[in-house]
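Chemist: Can you make the complete structure from the sequences, with help from the hints?
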Amino acid sequence: MTPLLAVRGLTVRYGPPGRGRPAVDGADLTVEAGEIVAVVGESGSGKSTLAHALAGLLPDTARVTGGVVTFGGERVDGLRERAWRRLRGRRIAFVPQDPGTALNPLMTVRAQLAEALRLTGTPRPGEDALEEALGRVGIPDPAALLGRYPHQLSGGFRQRVLLGMALAGRPALLIADEPTSALDTTVQKTVLDLVQKVAARDGTSVLLITHDLGVAADRADRVAVMTEGRVVEEGPAEQVLGSPQAAYTRLLLRSAPQPLTGPAPAPGEPLLVVRDLRKVYPGGTIAVEGASFTLDRASTLGLVGASGSGKSTIARVVTGLVAPTSGSVLLDGAPVRAGRVQFVAQNPYASLDPLMSVGRIVAEPLRALRAGTRAERRERVLRLLEDVGLPPEVARRRPSALSGGQRQRVAIARALAPSPDVIVLDEPVSALDTVTQAQILALLRRLQDKHGMAYLLISHDLAVVAAAAERLAVMRDGRIVESGPTADVLAAPAAPFTRELLAAIPGGPRRGG
Amino acid sequence: MTFMRRLGVVPSALVLLAASAAALAPGLLSPADPLRGDLTQRLLPPGTAHPFGTDELGRDVFTRVVHGSAPSLQAAVIAVGVAVLAGSAIGLVAGTARGRLDGLVMRAVEVLLAVPSFLLILVVVAVLGPGTREVALAVGVSAAAVFSRVMRAEVVRVRGSGYVEAAAVCGTGRVTVLLTHVLPNAAGPVAALATLELGNAVLTVAAVSFLGFGAPPPAPEWGSLVAAGRPFLASAWWLTTVPGLVVAAVALAVNHLGHVLRTRSETR
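As given, the protein sequences belong to chains X and B, one line each in that order.
Residue numbering for the first sequence is 1 to 513, as defined by the working numbering.
Residue numbering for the second sequence is 514 to 781, as defined by the working numbering.
In short, the hints are calculated from the structure, not lab data.
Glycine included, C-beta positions come from ideal geometry on N, C-alpha and C.
FRET-style restraints, in silico, Cβ to Cβ:
{"hint": "1", "chain 1": "B", "residue 1": "Leu758", "chain 2": "X", "residue 2": "Arg90", "range": "55 to 61 Å"}
{"hint": "2", "chain 1": "B", "residue 1": "Ala704", "chain 2": "X", "residue 2": "Glu228", "range": "37 to 43 Å"}
{"hint": "3", "chain 1": "X", "residue 1": "Ser400", "chain 2": "B", "residue 2": "Leu527", "range": "33 to 39 Å"}
{"hint": "4", "chain 1": "B", "residue 1": "Arg687", "chain 2": "X", "residue 2": "Gly135", "range": "49 to 55 Å"}
{"hint": "5", "chain 1": "B", "residue 1": "Ala704", "chain 2": "X", "residue 2": "Ala375", "range": "32 to 38 Å"}
Here are a few chain B residues that face chain X, going by a calculated C-beta distance under 8 Å:
{"hint": "6", "residue": "Ser674"}
{"hint": "7", "residue": "Gly675"}
{"hint": "8", "residue": "Tyr676"}
{"hint": "9", "residue": "Glu678"}
{"hint": "10", "residue": "Ala679"}
{"hint": "11", "residue": "Ala680"}
{"hint": "12", "residue": "Ala681"}
{"hint": "13", "residue": "Val682"}
{"hint": "14", "residue": "Gly684"}
{"hint": "15", "residue": "Thr685"}
{"hint": "16", "residue": "His694"}
{"hint": "17", "residue": "Pro697"}
Modeler: Rendered as structure tokens:
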């Protein structure tokens, strides 16, 4: 029996001919009917280019230079745009990565869904057809949703609408390019559950592009691992993840965050004490409602919650970026002085001034505190760069010349510069690949052992927090619903929300084993 | 394709080079005196002795155009300088202060934008009196409003960025953050607008000088040269056409080069 989709030796290049290595380099892939196949890889591995090539959505700058792609037994590589348009939406559907930008902000859900249905061959879709399309993706009240604009929907609902549009034509193949990487873990779970359910019901094959091995392990029948444009390993999910053959697959598996084990540490000397913190933004939004926690010297406290739970507001209050409405933040029993609490932000692409050299960026807190002479500062910057594992010549480069992981190292070096007591890490690794993520978490641990500062680690990803923090606090809707030693919370979660978070971690049962 | 595009820059660069050479060292291109005429050589059409012809007093038009480029271009550059400095300062203050001051300043800027710019220029010149520098100032004031709006938008954008937040956590003072992070990162679009405005300013300065508000005669200026040639439109076309073409060529060249620079900096 011919497979639904067969890719043999597909090669895609960007830019002028003969320059650079191909983005996709001789990739082989098979998707049988009704099967879920996950393509796992880091950013830059070519997995997104592969997905776009298979949906006929490559940008003009890319060219397919080799290989054969058959879909339903017919060759589809080299199809013209007109032929693709007949195929796309009806036989092959595509769900893009970022639900925030994939919907037209000026059109209602009804208009966009109707457009999708028209393309699948329903010239004038009626209200019931629209509602049915939304109902199929688990939207509880389709009629109410149809009149809304994308900005009135949460990320999870936007992704469901996109999914509803993609699945409206009952396609044979659904290509989902990182469909949940912009969503919280709990929302991710519901969306992926939905994809799985609909695929099983309609017999739709799914090509799931993801950077998360856990997602692949949970959802896929077969897994293909990509790196540097090549498929280095392909096979049944249990085989690839259970007894990986390729060195890269093993590296990926090793990099997945492992929860800390061992007995809970004895309570140490309290360093940062936050009491009854409350923050109401102008307009009446209550971001934080009566949060209290204590951070011990030289320890790590993890703060977990979904987006909008108020955890970032706590980071901003502790670092002094915003003033609390009420409550106190005391460091060693006194208000926080300049330089004692430093900050590493989520997005290493935004937190470094693009016009400054790395050396100047790292020296900024030293200049602000007027610490040392110019020569002493230069000396200190070089030592800090060495501390975070960057070569000294990086000091002269601009942030744009660095990778995401390197940028985050620079941000850490900057936070380290004034020898702070506390570093607030706001989603420090959520913008990074799994392998880089593991490296940064290891670096943070090493720096803590060496310099003895405390971390307040904020993340939506319970797995990351569990891998780095001895204690954790779970936040929901501005309140801390549960806190305690990480091992205890993971073993016996008390709050229902914590259990929900735990269940949503992809690859759950495999972790820790 | 890229080669052809690069080739297209050459004529514009040559025009600009010639114009700046004429402005900086007019004696080099044309050693003659722009104010001295030879009455036996009146209204001669363009030829070998006088490449741009002569005017009704026998003065060489080429010499007058060359010597007129210094005040014309100077006025344009000063105008853009005034617009960039004043506009950026206003935008920086408004974008930094936010709140009521921001509202007040920006509504005033909007009033300024609502008045037709040429009318505004004429009002300023009427108050200050005619003269090259006065015209430059007037053109600068009329263009400042646009700069202040662009600057304010950029400042608001940059102030919300991660690195400004990071600088605040580092303990860097507000003024230092403004000067080291906000201003340099907000400057890009303002610089792009400035190149666009320069071409515009060349044209506007010439127009105001054409109306007779520029340097008083007999001093040469591109706009007043065109105006002075008007009575002879039927008999001596070159008196109006040649300075007019020069203005058009320079304005086009500046705009073209500005466009090339902008696209290059955007694609980088």
